[in-house]
Amino acid sequence: MATANPYDLDPETNALLKIDTFQGKFTTRDFVENMSKNLLKHANPKAFDPKPFIRTFERSIDELLKLRETVTEQSKDLEATVQLTEAGHRKKLHELKTTFEDVVHSFENLESRINEVGNTAIRIGEQLETIDRQRHRASESKDLIEYFMAFNKGDISRLDDLRTQGTEGQFKASIIARKLNTIAKEVDIPGGEDAGARIEKYCEILEKELLDQFDKAYRQKDKQTMHNCAKILQEFNGCESCVKLYVNQHEFFITKVNLSQSNEFLTSSSWNDLPNPQVPPPPVDQGLVNLYQEIRTTVKQEAQIINVVFPDPVGVMQVFLQRIFAQLIQTYLESLLSHAESNSTLAYLRSLVAAHTATKELVEDLKGLDMRQKGLSDTSYSDANEESQNSGTIAEILEQCIRDLFVPYTEGDRYIEKEKKSLGELYSSLLLQFTAYYTQQKQLRAGSLLGRAFNQIYSNTNLMDVQTTEDDGNLSVNYAMLILKIHAEAIGRAVKLSPFTELPKFAGVLFYVLLEYIGKQYIETALDTCLDQISVMDPKSELHFKSFSVIKVAGDIIHLAQNHFQSAILPLASPSLTMHRDLTSDKNRFMMGVENKINSTVQKMIDGK
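Just so we're aligned, residue -15 is where the sequence shown starts under my numbering, counting upward by one.
What the hints contain is simulated information worked out from the structure, not anything from laboratory work.
20 Å max Cα-Cα, derived DMTMM-like pairs, lysine to aspartate or glutamate:
#, residue 1, residue 2
1, Lys207, Glu224
2, Lys126, Asp144
3, Lys489, Glu401
4, Lys530, Asp516
5, Lys480, Glu401
6, Lys351, Asp296
7, Lys405, Glu395
8, Lys504, Asp456
9, Lys284, Asp206
10, Lys2, Glu47
11, Lys344, Glu318
12, Lys207, Glu152
13, Lys2, Asp46
As the structure is a prediction and not an experimental result, all values here were calculated from the model.
Given these sequences and hints, build the entire structure.
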């Protein structure tokens, strides 16, 4: 039996010296422990012998060195293989790139050739279309000449036969008749006078026949036949006669011209409030409200029919709307404003602004009309640009209608003159007792400068016959607030009825009216009278404290007028720097004049005592 070599490694240790041991999770501590595990089992527990460990580790190191050499050689082989593979891969990529570039170049060449062929085909197609149009025109010209010669001979059977071949035949016959009529009118053909007269007569008969068919279909609510007739007449004469017939015989215009409605407000409770400045403006006349509501309903219903029947629905709706504004609204408005003006200027202005506001609301509602639906014809209105254009056209028509409707009342200075007249009437009425009182007082001192001025101002008014009391001569904050309230209402109307460019000017006009009445004829009259009374007062007599009350109330009114100027008038004058400056300057001059009179009154009272 052979003796075991002490330098040989046991099988378990040999198993550890494999490449697999060093793959994955590997630690040196575990490796050394596993190498020493069998040696520890056979070691003497009493005396440690290092030789077996030394031999085992020396032998293991030798094996590990061999293993490293083997791994190194394998790595070199693999690196060489990888390099060869990479070189092959790069070569393959280069070949693919070259091939791809060749394919792209070939595709570009193919695309260029296809484009050339396409352009050639387009040119050929255009030439064919041109030739076809020429052929078609030549054929049409030949047919027109034959039709014209037939009419010249008095033979209309061929065109009549075409006309009786249903809707399509009527359509073609109308086009031919229109062209023949144009030729007869514009081209001087020797011997063609008879043909021209017959053609014109035939066109009249054809148009009348189509209009009769349209009228019959309208009464029977046959939209398809109406559409066919409208389509033919559109090609024949622009459909003007058809549109006129449709609008003229519309039930809304026949039955709705009921102007007796305009008298409803005469018996309503709100009519009595119109001329009263102390009552807020009443609501819009109910007859006008009802009329506008019926217009909204009717127009929306007719829009659906017009879209279906007529090839040009926007043009038809334009005529329909213009007829509504010119015949129904304008007539009603004239009657309404005429009755209002016969009552008072304030009633007229309140009715005017209420009607204008209601009409603006009507216009805004009608701007939403959908006149872009597809009718029964082949024409489609679905194009987005055309839709926007049609919508804009309706809006422009309505804006023009409302401008034309109110021009007679707002053009130039017509409106603002009415406002001036109204303010003058209202303020004169409010200040009648006040003015009469001071006129009567000044009459007693007619020789004074102020007395002569009053006599000049009121020479045409029999104020001496007005019954007055001492209280009528007192300044009143409540009266001043009513004056400012009336003025604020006038300013509000001006904002609604005036062009923006004229608003600063109109605001100035209204301000000067206010300044005339609340300033000169109200506050200054009271202060001047106080000043006169103090001037002629006996210095030894007891001081009359009524003047202090006048001064206090005058100060309060001035404060109210200042606030009104800042909040209601100045913002409207701001767009015009000149008007803004002038109004501010005149207001300040007025305020300073009143303050000077107040100071003079107080100073004379002090000096008199």
